Amino acid sequence: MSSQTPEHFLPLTPAVFAILLALSQGERHGYGIMKQAALPAGGEIKLGPGTLYGTLDRLMRDALVEETGFTDDERRRYYRLTGLGTRVLAAETSRLSAALKTARTRLAAEEVRA
Amino acid sequence: MKHPDPLPLAAYAQTIELIYPKHLRERYQDQMLQTARDANGERTDSAVYFWAHLYTDLVRSSLQEHIRMFRNDLFARPIFFHTLTLALILTVWGLFAAMSIQGALRRSADQPQLRMAQDYAAVLASGSTVEDTFPKVHVDIEHSPEPFAIYYNSAGQPVAATGHISDTVPSPPSGVFEYLRTHPSDKFTWQPHRGLRIAAVMQRVDGSKPGFILVGRSLQATELETVTLRRATFVSWALLMCLLAAGAMYLDRAQRMGSTPLAT
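Order-wise, the sequence lines are chains A and B.
No gaps in the numbering here: position 4 of the first sequence is 4 in my numbering, and each next residue is one more.
No gaps in the numbering here: position 197 of the second sequence is 197 in my numbering, and each next residue is one more.
Hints were generated in silico from the structure; no laboratory data involved.
If you're wondering where the values come from, they're calculated on a predicted model, not measured in any experiment.
Accuracy of the hints is not assured; some may be wrong.
[Said to hold, decoys possible] Incomplete in silico selection of chain A near chain B, CB under 10 Å:
1) ARG58
2) ASP73
3) GLU74
4) ARG75
5) VAL112
6) ARG113
[Stated by the list, open to error] Pairwise CB distance ranges, derived in the manner of DEER restraints:
7) B:HIS53 x A:LEU10: 25 to 31 Å
8) B:LEU7 x A:PRO40: 44 to 50 Å
9) A:THR93 x B:ASP5: 49 to 55 Å
A virtual CB, placed ideally from N, CA and C, is assigned to each residue, including glycine.
Build the full structure now, drawing on both the sequences and the hints.
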């Protein structure tokens, strides 16, 4: 088990954030992750298999994601978030929320001034 | 019945074989192909756009993974890290040495003009005539490596000269004369026209014949030496880097095979 804190992994790249977000709804196979990441609610990230599996490999090495062991086909393996992966996603969401809140406040102030 | 994969997918499989890093390929190749197959089955984009995206992603991610592997290898194997450090030190040292030698070459191009300018100025200041001071020689500044001398009066007009460019006596920029009204001498690189650079030394003449002495010499020979020096430096650097890389790879291989080739 990894002893690193969630903050150690921040900030996440858009691809990592999209993968963790896709897996936060439950376990998925590679194409399921790709489809979810491409949706507006998933971050609208167009992942290709090269990027997807390279990133998944690192996420598994960092113990943020794991294989479920379940497979309906040897070529379609399923992945899910670990506890650490969930905490990292939560920490990144808080970080982005704080930045978004600041940005919205500043933009609103700019509009009032204009 | 199992349908054969379409041609772009078969080519995609071959491209994975060719460029995707081995450790990832061994583990994920089947999954990557299945993902591409699934995506192709449900694609809404045009085939060209879809496959262009998949191939671009494969090339870019392969490159990124190879760079990541190289970086990890570099830090995981001390021999590569030490070799890179040594290469950096040698490169900086080589650059510094080459620049120092180049500077020394340029400084040496100011001789014998420095001494000649002082001698001419001293002779003219002592009251000697211009005709007696300047030898009756004609140096073609553009083509001769010989030093030449020009005497200008205090208004900056040429009075006597041993060097000419196309039978005319050249004059340096007026700023040089202005500078010498408050300073005894100056040395500079003078470019009378494109392709001709001169190592020039100018000395103010005081006494009964106030004016300025310019002694110069074409920099062509020095510039040829500089080009040779740069080439030799680059070739030596490239050879040294090749030797370092070969040595590092040999030592790394020997270490991994468990032998110590330097031990006797």
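To see whether the hints hold, each was checked on the structure:
| no. | hint | in the structure |
| --- | --- | --- |
| 1 | ARG58 | holds (9 Å) |
| 2 | ASP73 | holds (7 Å) |
| 3 | GLU74 | holds (7 Å) |
| 4 | ARG75 | holds (4 Å) |
| 5 | VAL112 | violated (42 Å) |
| 6 | ARG113 | violated (42 Å) |
| 7 | B:HIS53 x A:LEU10: 25 to 31 Å | holds (29 Å) |
| 8 | B:LEU7 x A:PRO40: 44 to 50 Å | violated (33 Å) |
| 9 | A:THR93 x B:ASP5: 49 to 55 Å | violated (39 Å) |
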